[in-house]
Amino acid sequence: MNVTATAPQLKQTPLNRVHRELGGRMVDFGGWDMPVQYAAGTIEEHLRIRNHAGLFDVSHMGEIDVKGSDAIAFVNRITSNDVGKLVDGQAQYSALTTPAGTVVDDLLVYRFAADHLLLVVNAGTTDKDWDWIRQHHAGEAVELKNVSSEFCQIAVQGPDSLSILQKLTDTPLSEIKYYHFTTGSVDGVPSIISRTGYTGEDGFEVYAASDKAEQLWNKLLEAGNVGTEIGVVPCGLAARNTLRLEAGMSLYGHEIDETTTLLEANLGWICKLDKGEFLGREALAQQKEAGVKKRLVGFEVTERGIARDDQDVVIGNERVGRVTSGSPAPYLKKNIGFAYVPSEFANVGGEIKIDVRGKLVGAQIVKTPFYKRAR
Amino acid sequence: MANVPEDLHYSKDHEWVRVEGDQAVVGITDYAQDSLGDVVYVELPKPGDEFATNESFGSVESVKAVSEVFTPVSGDVVSINESLADEPEKVNSDPYGAGWMIRIRMSSPGEVDSLLTAAEYEDFTKAEKE
Chain H
2 MNVTATAPQL KQTPLNRVHR ELGGRMVDFG GWDMPVQYAA GTIEEHLRIR NHAGLFDVSH
62 MGEIDVKGSD AIAFVNRITS NDVGKLVDGQ AQYSALTTPA GTVVDDLLVY RFAADHLLLV
122 VNAGTTDKDW DWIRQHHAGE AVELKNVSSE FCQIAVQGPD SLSILQKLTD TPLSEIKYYH
182 FTTGSVDGVP SIISRTGYTG EDGFEVYAAS DKAEQLWNKL LEAGNVGTEI GVVPCGLAAR
242 NTLRLEAGMS LYGHEIDETT TLLEANLGWI CKLDKGEFLG REALAQQKEA GVKKRLVGFE
302 VTERGIARDD QDVVIGNERV GRVTSGSPAP YLKKNIGFAY VPSEFANVGG EIKIDVRGKL
362 VGAQIVKTPF YKRAR
Chain V
20 MANVPEDLHY SKDHEWVRVE GDQAVVGITD YAQDSLGDVV YVELPKPGDE FATNESFGSV
80 ESVKAVSEVF TPVSGDVVSI NESLADEPEK VNSDPYGAGW MIRIRMSSPG EVDSLLTAAE
140 YEDFTKAEKE
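Residue numbers (my numbering), protein chains in the order written: chain H, 2 to 376; chain V, 20 to 149.
None of these hints come from the bench; they were simulated from the model.
Errors might be hidden in some of the hints.
[Stated by the list, open to error] Pair by pair, the computed Cβ-Cβ distance ranges are:
#1 H/303 x V/66: 54 to 62 Å
#2 V/112 x H/136: 22 to 30 Å
#3 V/132 x H/350: 53 to 61 Å
#4 V/101 x H/363: 21 to 29 Å
[Said to hold, decoys possible] If you only want the chain V side, here are some residues facing chain H, beta carbon under 10 Å, derived:
#5 60
#6 64
#7 78
#8 82
#9 85
#10 111
Backbone N, C-alpha and C define an ideal beta-carbon position, used for all residues, glycine too.
Looking at chain H on its own, in the form it has when it is part of the complex:
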């Protein structure tokens, strides 16, 4: 058995002390000291979000503020989705793309006004993104500000999340549509209330000033009857990963990175090739025309064994691809994953093998998302 220790000198969110008090098991996540799980354990945390509700501290995520008359034009030029389609109070999943159509990061673009956007980016890539965005600023009338440390972000996710959060705010939450947001007050704290998440469930992400993090976290736990059988539970990164995987969502550094294009990653739906010029548009248009050589697929392990990240995909006698995320799926009670395979093999129903530490284990390509909530 190897038991890993936590590395020192990590960045901390404003909830670090709270996580430790709650018995969070802290790990190094992209340079951040974050809870991988709490006392309930990953399976319980995962199931509680599918059935009731859970809380995540996602304060480590980065926020970049874009203000000015060219805000939309500028962000439209460096991201793949169409910012022009957003209305005030709407959020959009998108990607910062390289000229080759590969992915610098995936992100959410929030539109507050025609001259004010907020980009929410991954924690481990915030510094890289910030440099990238400034480097690609070409004279547009915008003011860019990295405001990551000013915000805390708490995600309340699961079917009970609306009723829990509603106890703390007068904002009528049922009126906020999926992927929309509003500004309001949560327990008296000025907040951005966004109906978004990374779990495949209904849920909200609340952004507020960093120094209000503890207050909001504790009030949300209380409002969610923490400690009861069906109450809210604090959830760690392990459950966050299994939830997003079941829901068929990509994780930066796994399904997407600077070596994979959006089309290969099945993210053609965020490539708006006809919106006008943007970084990577030409490469993506060419690839779309020529067809991708490899493609991301979801698979289900059909024999005994658990596929893990970075294991080889074998078809016939050839190593043809690589698992990008592999894990047990606690709600589906299956072992699932994502892998890149050559396009000719990327067909639902196709049989593949995964090299699980020297043993070839059978798996079948299946449709994603693996899990879809009933609406």
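Dock chain V against the given chain H, drawing on the hints supplied.
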């Protein structure tokens, strides 16, 4: 604080050994199961397989991680805990009892003397945590 029964021997890889005559029952410690989290899969060898000291005899998987398990003593496998195939969670709930993994006929029973005592193992895990 993790449970460390007095009457067992321990390895630095977090396995425990219960000596019964010339046989040894092997599992992972309470500290180990707690560090791993929810165990969802246990891979064990077949009866008759032979292992040298500190050889990998299988693996324990949680949602997040895979850990190999090693034989603290050499010998051949007499039996395995087959119930772990369907109920791997026993490794979490009862690591020293129903969560046992393999029973080995020891080829050199003296090897247990080089393992850690309960007190030594407790100090070892405390040091590892710091």
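Against the structure, the hints:
no.	hint	result
1	H/303 x V/66: 54 to 62 Å	27 Å, violated
2	V/112 x H/136: 22 to 30 Å	54 Å, violated
3	V/132 x H/350: 53 to 61 Å	57 Å, holds
4	V/101 x H/363: 21 to 29 Å	22 Å, holds
5	60	6 Å, holds
6	64	13 Å, violated
7	78	8 Å, holds
8	82	4 Å, holds
9	85	6 Å, holds
10	111	8 Å, holds
The structure shown violates the earlier hints numbered 1, 2 and 6.
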